[in-house]
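The whole structure should be built from the sequences, with the hints applied where relevant.
There are 4 protein chains.
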Amino acid sequence: MAALNRKDRDRLLRKADILKAAEHIFALKGYDKATIQDIAKKAQYATGTVYLYFRDKGVLYCSLLEEKMKDLLAGIKEKTSRVKEAEAKLEIFLEEELGFFKVNQDFFKIFVSENNGLRFAIGFRISKSSVFREYSECVSSLVKKAQQQGLIRGDLYPAQIIDIFRSIFTSVIIGWLRKELREPKDSKEMSRFILGIFLNGIGCKKGLIEPA
Amino acid sequence: MAALNRKDRDRLLRKADILKAAEHIFALKGYDKATIQDIAKKAQYATGTVYLYFRDKGVLYCSLLEEKMKDLLAGIKEKTSRVKEAEAKLEIFLEEELGFFKVNQDFFKIFVSENNGLRFAIGFRISKSSVFREYSECVSSLVKKAQQQGLIRGDLYPAQIIDIFRSIFTSVIIGWLRKELREPKDSKEMSRFILGIFLNGIGCKKGLIEPA
Amino acid sequence: MAALNRKDRDRLLRKADILKAAEHIFALKGYDKATIQDIAKKAQYATGTVYLYFRDKGVLYCSLLEEKMKDLLAGIKEKTSRVKEAEAKLEIFLEEELGFFKVNQDFFKIFVSENNGLRFAIGFRISKSSVFREYSECVSSLVKKAQQQGLIRGDLYPAQIIDIFRSIFTSVIIGWLRKELREPKDSKEMSRFILGIFLNGIGCKKGLIEPA
Amino acid sequence: MAALNRKDRDRLLRKADILKAAEHIFALKGYDKATIQDIAKKAQYATGTVYLYFRDKGVLYCSLLEEKMKDLLAGIKEKTSRVKEAEAKLEIFLEEELGFFKVNQDFFKIFVSENNGLRFAIGFRISKSSVFREYSECVSSLVKKAQQQGLIRGDLYPAQIIDIFRSIFTSVIIGWLRKELREPKDSKEMSRFILGIFLNGIGCKKGLIEPA
DNA sequence: CATGAATGAGTGTTCATTCAT
DNA sequence: GATGAATGAACACTCATTCAT
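Protein chains in written order, with my numbering: chain A, 285 to 496; chain B, 285 to 496; chain C, 285 to 496; chain D, 285 to 496.
Hint data in this document are derived by calculation from the structure and do not stem from the laboratory. Hints are supplied without guarantee of correctness; some may be wrong.
Copies of the same chain look alike in the list, so a pair counts if it works inside one copy or between any two.
Claimed, not checked - When the alpha-carbon atoms are kept at most 25 angstroms apart in a straight line, the in silico DMTMM-like pairs for lysine to aspartate or glutamate are as follows:
#, residue 1, residue 2
1, Lys469, Asp439
2, Lys325, Asp294
3, Lys291, Glu418
4, Lys386, Asp439
5, Lys363, Asp439
6, Lys326, Asp301
7, Lys341, Asp316
8, Lys313, Asp390
9, Lys317, Glu350
Quick caveat, the model's predicted, so the values are computed rather than measured.
In structure tokens, the structure reads:
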């Protein structure tokens, strides 16, 4: 925030260079198959330089996730705070994420494999990180507010709802990125579309079955 | 099926030993971090023994996936063929998968990371395998039938619907396995619950928003 | 020599089977790249069976060489003993080896790589074996007799002469087997041809240079 | 030739270290039995270091052969071009190889096992390499010139003559290196000695037999 | 005896990490 | 600080040898 001296500013610039390269390589090859040398070369630094900025490969990976999540979260918080209604908040939340992933498709791949792989396989406890916790809490509060306002069923854990929300969102965005949707809509339309599925399901309104 | 001589039977038993160990190790560590030595040790065989049954690590991994998918698919086909209605088919499909994953939690982890990461990072083209293709076709036909019978919206690609279906399913099952649900219901109830969300969404019936 | 009981006879037959397979495989792949499993399979025995007849891979290899050398040597001794003159002996020696290698081309490859590789690279001390020693002595006595009879220069070690003799012989036979000679002659003609080169060299009789 | 910066020079020095170690180990154990760890240790580097300079074991081996052949060939070409007569060229050729192998005895072993086994067993097609082809062509042209000048019999394929030439040469040099010759002569004398055998054979001039 | 599945030491090769320059 | 060569532990895979059946 405050004005940085040249040294600190340079340091941040280099970190950013490396993170950008890492984002591309990790998205392309996955965590294990990506090598530090790949990343260093992509970033046009020497191998050792990476270690001046990140203690090890794991830290680099986590930093990447956190950095991106921080950006995403900042956008979401800022935009959703502008409206009051839960529904509008959810809509704007979706819109913001759609926009973010549209310009961060590499990160989207990582995010998906991280989030949907549910961190089973990877030894990192990213969810312990503060940005991730904050992101969870942010989404959680959106969902709780929607429950309070009677928009969303109250008989489910928010965590569960978020998972469902996230997974519908992810499915749709993957199709979107694949250009498989009939009409590749803009973020705004897409946001309403996803929210529609989330709230109303995929069923025709004819044969509604009783919720269990 | 046919009576096997001792040799063939033993061979199958040993393959099964190794596959079981592999399932556990792959679920625990992921494909890359899992080592053949880990798997051999877990199965209480020597390293080289694994190679008597599987040409290489990749083949072992694929065999594992295919073997399990074959079992899963057989159950699904058998059970869903007993009913006529699309809705009942979907319900039974869910019930069958729920039951299968309940007793195959290790495989579930692998299945999720394989399926949801959309195979970004892994070099295997498992989806080319006939069992995987057959599984896709099976789910696809269930969904198409549901569309024809007016149960599911007809304005979406089946592939998209399947993704959404699968992602809701996955989210719920993860919560279920984590015992995060208020009342850990049995497979039958859970199946109706998931189908309800899928068809009707998570919204309260009050404030329905218009689908975009 | 004496009549063998069935047990001993069977044992010899099996050894011969294995040696024959080994000959083929060693010729094809070389010592290191050949595997016992290759050989066992070729001989249509189980892997372990090979070890009932040969202590280890090295012994199998050496036995093969010795067995073949014994056959070769027996033929040479028998045939060369029929004539008196050193020149005739040499001629018959060559004829016999040519005939032997013509029907034992696999062994010829092994023999060449063993003999011409000069046992530098391989850890076996085959030359210590009695058959090899005997073979050396046999050729040596032929050469010495030729020296005594004034056929061959007396100012060289027999060992040296044998090496030269052998190497000319080998070169020619390789070309012969490759069918590179203008007229693929029979063993008798070929034998005289080699002997001619050995004794008179490759030079035209015009410009004889003085022996150093 | 051109002045190299320190980096390039160091790189060449290290490559040379490794090649030297490889030469020794390959000569001692043969290609298959030699391990990269042996070579690295001999060169006093870590295992991985070898791979910074040579892509794999095969490339290391081929590089070694090519590097040495290049040196050998350069010497031969330079020296033989100084004289006109075929006989003198052959003599100088021999002299040069004798001198080269005297100071490169390890390489001589490799050269012999590579060349004389006629590459039966080894999967590399080194003969495809340009240096090897060039070497062959060089020797071939020496032999052809000798045939044209009436020094060598014209009724044989050059390839055949070269084989004989090489094999006599090899036999003699091995004896020479073993110090088995009565008087270990210098390269010049030895060269004339070999050429004498090559042109005139090993026979006494008395009992010349008719060439077949 | 014969078998061939099992063994596990050993090899080529990679790559995260270090450190002298 | 930046570099990138060097390191060496680790892994996939092979195969000579053993031994229970």
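Hint-by-hint comparison with the structure:
1. For a Cα distance limit of 25 angstroms, the shortest separation of Lys469 from Asp439 across copies, 14 angstroms, qualifies, whereas the shortest one inside one copy, 33 angstroms, does not.
2. Within a single copy, Lys325 and Asp294 get their C-alpha atoms as close as 19 angstroms, and across copies as close as 22 angstroms, so both meet the 25 angstroms cut-off.
3. For a Cα distance limit of 25 angstroms, the shortest separation of Lys291 from Glu418 qualifies neither inside one copy, at 30 angstroms, nor across copies, at 50 angstroms.
4. Taking identical chains as interchangeable, the C-alpha atoms of Lys386 and Asp439 lie at most 25 angstroms apart only when they sit on different chains, with a minimum of 23 angstroms there against 33 angstroms within one chain.
5. In this homomeric assembly, Lys363 and Asp439 never come within 25 angstroms of each other (Cα to Cα): the closest approach is 28 angstroms inside a single copy and 30 angstroms across copies.
6. Taking identical chains as interchangeable, the C-alpha atoms of Lys326 and Asp301 lie at most 25 angstroms apart only when both belong to the same chain, with a minimum of 9 angstroms there against 32 angstroms between chains.
7. In this assembly of identical chains, Lys341 and Asp316 lie within 25 angstroms of each other by CA distance both inside one copy and across copies; the values are 10 angstroms within and 15 angstroms between.
8. Both within a single protomer and between protomers do Lys313 and Asp390 lie at most 25 angstroms apart by alpha-carbon distance, with minima of 11 angstroms and 24 angstroms respectively.
9. Proximity of Lys317 to Glu350 under the C-alpha cut-off of 25 angstroms is found in both arrangements, the shortest distances being 21 angstroms within a copy and 23 angstroms between copies.
In this structure, the earlier hints numbered 3 and 5 are contradicted, and the remaining ones agree with it.
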